[in-house]
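Assemble the whole structure, with the sequences as input and the hints as a guide.
Protein chains: 2
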Amino acid sequence: MTRDVLDYLDRHQSETLDELFRFLRIPSVSADSAHKADMQRCAEFVLNSMQKAGLTAEIIPTNGHPLVYGETTQDPAKPTILVYGHYDVQPPDPLDLWTTQPFEPEVRDGKIFARGATDDKGQVFTHLKSIEAWNRIHGSLPVNIKFLIEGEEEVGSDNLERFLKANSDRLKADVAVISDTSQYGDGIPAITYGLRGIVAAEVRLIGPEKDLHSGVYGGSVANPANAIAALMGSLVGCDGRVQIPGFYDDVAELTDQEKSQFAELPFSESGFLKEVGSGALFGEEGRSTLERRWARPTCDINGIVSGYTGEGPKTIIPSKAMAKITCRLVPNQNPDRVLDALEAFLRDRCPAGLKFEFRRFHGCEAFAFDPTSPWITAAGEAIEEAFGQSPVFIREGGSIPVVSSFQQILGIDTLLLGWGRNTDNLHSPNEHFHLQDFRNGIRASACLWQKLGNVQAWQVQA
Amino acid sequence: MTRDVLDYLDRHQSETLDELFRFLRIPSVSADSAHKADMQRCAEFVLNSMQKAGLTAEIIPTNGHPLVYGETTQDPAKPTILVYGHYDVQPPDPLDLWTTQPFEPEVRDGKIFARGATDDKGQVFTHLKSIEAWNRIHGSLPVNIKFLIEGEEEVGSDNLERFLKANSDRLKADVAVISDTSQYGDGIPAITYGLRGIVAAEVRLIGPEKDLHSGVYGGSVANPANAIAALMGSLVGCDGRVQIPGFYDDVAELTDQEKSQFAELPFSESGFLKEVGSGALFGEEGRSTLERRWARPTCDINGIVSGYTGEGPKTIIPSKAMAKITCRLVPNQNPDRVLDALEAFLRDRCPAGLKFEFRRFHGCEAFAFDPTSPWITAAGEAIEEAFGQSPVFIREGGSIPVVSSFQQILGIDTLLLGWGRNTDNLHSPNEHFHLQDFRNGIRASACLWQKLGNVQAWQVQA
Numbered sequence: 001m002t003r004d005v006l007d008y009l010d011r012h013q014s015e016t017l018d019e020l021f022r023f024l025r026i027p028s029v030s031a032d033s034a035h036k037a038d039m040q041r042c043a044e045f046v047l048n049s050m051q052k053a054g055l056t057a058e059i060i061p062t063n064g065h066p067l068v069y070g071e072t073t074q075d076p077a078k079p080t081i082l083v084y085g086h087y088d089v090q091p092p093d094p095l096d097l098w099t100t101q102p103f104e105p106e107v108r109d110g111k112i113f114a115r116g117a118t119d120d121k122g123q124v125f126t127h128l129k130s131i132e133a134w135n136r137i138h139g140s141l142p143v144n145i146k147f148l149i150e151g152e153e154e155v156g157s158d159n160l161e162r163f164l165k166a167n168s169d170r171l172k173a174d175v176a177v178i179s180d181t182s183q184y185g186d187g188i189p190a191i192t193y194g195l196r197g198i199v200a201a202e203v204r205l206i207g208p209e210k211d212l213h214s215g216v217y218g219g220s221v222a223n224p225a226n227a228i229a230a231l232m233g234s235l236v237g238c239d240g241r242v243q244i245p246g247f248y249d250d251v252a253e254l255t256d257q258e259k260s261q262f263a264e265l266p267f268s269e270s271g272f273l274k275e276v277g278s279g280a281l282f283g284e285e286g287r288s289t290l291e292r293r294w295a296r297p298t299c300d301i302n303g304i305v306s307g308y309t310g311e312g313p314k315t316i317i318p319s320k321a322m323a324k325i326t327c328r329l330v331p332n333q334n335p336d337r338v339l340d341a342l343e344a345f346l347r348d349r350c351p352a353g354l355k356f357e358f359r360r361f362h363g364c365e366a367f368a369f370d371p372t373s374p375w376i377t378a379a380g381e382a383i384e385e386a387f388g389q390s391p392v393f394i395r396e397g398g399s400i401p402v403v404s405s406f407q408q409i410l411g412i413d414t415l416l417l418g419w420g421r422n423t424d425n426l427h428s429p430n431e432h433f434h435l436q437d438f439r440n441g442i443r444a445s446a447c448l449w450q451k452l453g454n455v456q457a458w459q460v461q462a
Numbered sequence: 001m002t003r004d005v006l007d008y009l010d011r012h013q014s015e016t017l018d019e020l021f022r023f024l025r026i027p028s029v030s031a032d033s034a035h036k037a038d039m040q041r042c043a044e045f046v047l048n049s050m051q052k053a054g055l056t057a058e059i060i061p062t063n064g065h066p067l068v069y070g071e072t073t074q075d076p077a078k079p080t081i082l083v084y085g086h087y088d089v090q091p092p093d094p095l096d097l098w099t100t101q102p103f104e105p106e107v108r109d110g111k112i113f114a115r116g117a118t119d120d121k122g123q124v125f126t127h128l129k130s131i132e133a134w135n136r137i138h139g140s141l142p143v144n145i146k147f148l149i150e151g152e153e154e155v156g157s158d159n160l161e162r163f164l165k166a167n168s169d170r171l172k173a174d175v176a177v178i179s180d181t182s183q184y185g186d187g188i189p190a191i192t193y194g195l196r197g198i199v200a201a202e203v204r205l206i207g208p209e210k211d212l213h214s215g216v217y218g219g220s221v222a223n224p225a226n227a228i229a230a231l232m233g234s235l236v237g238c239d240g241r242v243q244i245p246g247f248y249d250d251v252a253e254l255t256d257q258e259k260s261q262f263a264e265l266p267f268s269e270s271g272f273l274k275e276v277g278s279g280a281l282f283g284e285e286g287r288s289t290l291e292r293r294w295a296r297p298t299c300d301i302n303g304i305v306s307g308y309t310g311e312g313p314k315t316i317i318p319s320k321a322m323a324k325i326t327c328r329l330v331p332n333q334n335p336d337r338v339l340d341a342l343e344a345f346l347r348d349r350c351p352a353g354l355k356f357e358f359r360r361f362h363g364c365e366a367f368a369f370d371p372t373s374p375w376i377t378a379a380g381e382a383i384e385e386a387f388g389q390s391p392v393f394i395r396e397g398g399s400i401p402v403v404s405s406f407q408q409i410l411g412i413d414t415l416l417l418g419w420g421r422n423t424d425n426l427h428s429p430n431e432h433f434h435l436q437d438f439r440n441g442i443r444a445s446a447c448l449w450q451k452l453g454n455v456q457a458w459q460v461q462a
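Here the protein sequences line up with chains A and B, keeping their order. Anchor point for the first sequence: position 169 equals 169 in our numbering, and the numbering is continuous, going up by one each time. Anchor point for the second sequence: position 157 equals 157 in our numbering, and the numbering is continuous, going up by one each time.
Check before you lean on any hint, since a few could be wrong.
Pairs involving identical chains hold if they fit within one copy or between any two copies, as the list cannot separate such chains.
SDA-like cross-link-like pairs, simulated, lysine to any residue; straight-line CA separation at most 25 Å [as the list claims (entries may be wrong)]:
1) 355 with 385
2) 172 with 389
3) 274 with 421
4) 210 with 430
5) 78 with 12
6) 165 with 405
7) 165 with 332
8) 146 with 163
9) 36 with 310
10) 314 with 162
11) 314 with 284
12) 146 with 72
13) 355 with 337
The hints are simulated quantities; they were obtained by calculation from the structure and are not laboratory data. As the structure is a computational prediction, the values presented were derived from the model and not from experiment.
Structure representation (structure tokens):
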């Protein structure tokens, strides 16, 4: 059955590309209020595409840019898939570094160049077009589909969580699908089955009422700059391990199978060092770079400031100091418990005479999809069929808050199926999407619905 | 003999105050180029005062504001005293906080109010007037005198060291006298016989070429913010002791006599905490607050910065970090050796993958006058005679670079004889000088020449 859909897609490649170009021509820059009307126009484009694909769709206003939601129920016995994506794009600046205009898409060297080509219009479009093809050829789909495309992903998804909470029944699904990540490398399609979580905090130490003369008072009062350094410097040991007691207690260790999968991935140390512009590897002893980035928790200082930071010397004891910290979390770590331990660790070590302030920011849990789950297996088969190559199973070190929200609010896991590449200049000038990746993505999406449709409830519960 | 001089001074109190007022009316603000002509006028006032006191004097131009130099040789067999002071003053801002105009001196409540009243015109003037009195009454002085009054003390004395180096023969003296410090407290005159030295440095750690995403890369590259914190945090232990190996090796310990002198000084812990606006004492274990401030070396971070320091969280690994450090030194510590040890300590601990840069600033050695020296004894007797009370022997935690320069370039010690008080609002609005302190200062100065003149060469060499 999928064969007919794939044939249809092959025959309509040219129209599909034309349509994508229309999508890409809308400058849907969510960060720039000058593009408010373009955002509305883009939401309408998505609405029309959903309707053309056979979904019942609507535009949902928010306090910011609208959401577009569409759905079709085929058979309550079949799995329901929630597809998430976003129609907003990053600002295109600096414009002078683009070879062609960011909102005038063009194919060169087998790549579609435009802002949003891969992030995320091009990837969202693969799912819209594969569903349209299924409906055209068969008049039905092998799964029930819910489509949620937002317009604020590039500006923090401020209104998404509220929508999810208020509509959790309506959005009920068995699994989510997001295509907003990348393949592992050129010609190495991937399923991202794990993400790290995050907690963030700010520490302030308040000392003397004003900066003091370091000669007159030095040695006789607690110096907030020395103290913030001592506190922050005690967080990570020379062995790269976080020193907060209990920090690793809940950490889910990689299975032996995951370790060997990571070890088998092509990885160039020198390429990595060149990528980050650094002279040497660093990190937790006994762990590979991929393990450190994908599956081990961290404690990084993102910013620190105290006292005089201009030119030359200044002989003061600063009156206060501040530092910002983020910890990346791995599966099984509880964000609140980590923040509690971090706060207690620092508070205990704060010298007498300084006031200690600790502020918590919003965080999210890590995510890991069981790599042996039938959903993953189904997605892997779909990718293999479309790309002619079975995907590798990877994790990513970053956090995708919507995945955590799906987990917590809707209680579902997410299949992260990225058709693009890390080198596609996401968020940079000359963003592009390989034509071949776009076409393989549509085909993989078409195969995906069939494969996911075959997953039986008893497999998932088991 | 001194008795006649003191009587003369008593009889001329009113004229002396009038003359000081003329001195104070000249707005000799060295920091403000609008006052360039006033600086010249003020230098001429000092020149005239020197000549009136019987010195051979001249104005010496520099690249900045002029120096005024005067001398009189009485008897080569007698000691030669180098008196240093400055005629420039701090800017008077904020003007609206002054009760009367800063350059319109006025006596209220027994205090002379004016910018420069105590720092340093009033104190310099005590020495000029006492010498004038000696010459009027006796036509001679009990010592040879060299007077060096500069106009750039408040802006860093940029041209002084060059002048000292170029004129070290001409400035040859047995001991220097500076009245630019304070009494220990109300009614407690003091001789400051020790100052701390200082070294200053800046450390930079250069990591990844640009700020990195803390999710994608966190845990796999050395974070310059974590590293600067770890380096700076390792400098001082929880016991308040500097952790640099060898840091205390050369430190001259206080004698038992000095310790008991410090312990006998009136000192209020709660008053001190209120003064600095802090909630608790802190410092090297087993040392009193005065010992910590005056006689123990320190390692203070004066500034530190890395990464994002604005509002809210930012998930980056900063590409670089910087910190500024000053160490206060005590007698016998060598500034270069301390900087070498500091640099080695930090360089050794810098994690792989970060570039370490260390920049040294200008520093100076600590100073301690042997408190049993005949010069100190003579000064103590002079103060006792004039103030009716023997002085306490104190140190100060700050550094006075000219004292270090006199030591290194001219090879002489300095008697720091402060007539003013810490509470005289130096550098602040409503600066003042107690009339009684001014008068006692002149009398003490008159006695000082006699007492210093009695010091025999064999006493000093012994």
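Cross-check of the supplied hints:
Within a single copy, residue 355 and residue 385 get their C-alpha atoms no closer than 61 Å, and across copies no closer than 48 Å, so neither meets the 25 Å cut-off. For a Cα distance limit of 25 Å, the shortest separation of residue 172 from residue 389 qualifies neither inside one copy, at 32 Å, nor across copies, at 90 Å. For a Cα distance limit of 25 Å, the shortest separation of residue 274 from residue 421 inside one copy, 18 Å, qualifies, whereas the shortest one across copies, 61 Å, does not. Proximity of residue 210 and residue 430 under a CA criterion of 25 Å is satisfied inter-copy only: 20 Å between copies versus 50 Å inside one chain copy.
Taking the closest pair of Cα atoms, residue 78 and residue 12 never come within 25 Å of each other, the shortest separation being 28 Å inside a single copy and 111 Å across copies. Proximity of residue 165 and residue 405 under a CA criterion of 25 Å is satisfied intra-copy only: 9 Å inside one chain copy versus 73 Å between copies. Taking CA atoms no more than 25 Å apart as the test, residue 165 paired with residue 332 passes inside one copy only; the shortest distance there is 23 Å, against 70 Å between copies. Taking the shortest Cα distances, residue 146 and residue 163 sit within 25 Å of each other inside one copy (14 Å), while across copies they are farther apart (84 Å).
Taking identical chains as interchangeable, the C-alpha atoms of residue 36 and residue 310 are never at most 25 Å apart, the minima being 41 Å within one chain and 28 Å between chains. In the homo-oligomer, the alpha carbons of residue 314 and residue 162 lie at most 25 Å apart only across protomers (23 Å), although the nearest pairing inside one protomer, at 49 Å, exceeds that limit. For the identical chains of this complex, residue 314 and residue 284 are inter-copy neighbours only, at 23 Å across copies versus 37 Å inside a copy, given an alpha-carbon limit of 25 Å. For the homomeric pair residue 146 and residue 72, the shortest alpha-carbon distance inside one copy (7 Å) is at most 25 Å, but the shortest distance between copies (101 Å) is not.
In this homomeric assembly, residue 355 and residue 337 come within 25 Å of each other (Cα to Cα) only inside a single copy, at 23 Å, whereas the closest approach across copies is 35 Å.
Comparing the model with each earlier hint shows violations of hints 1, 2, 5, 9; every other hint is respected.
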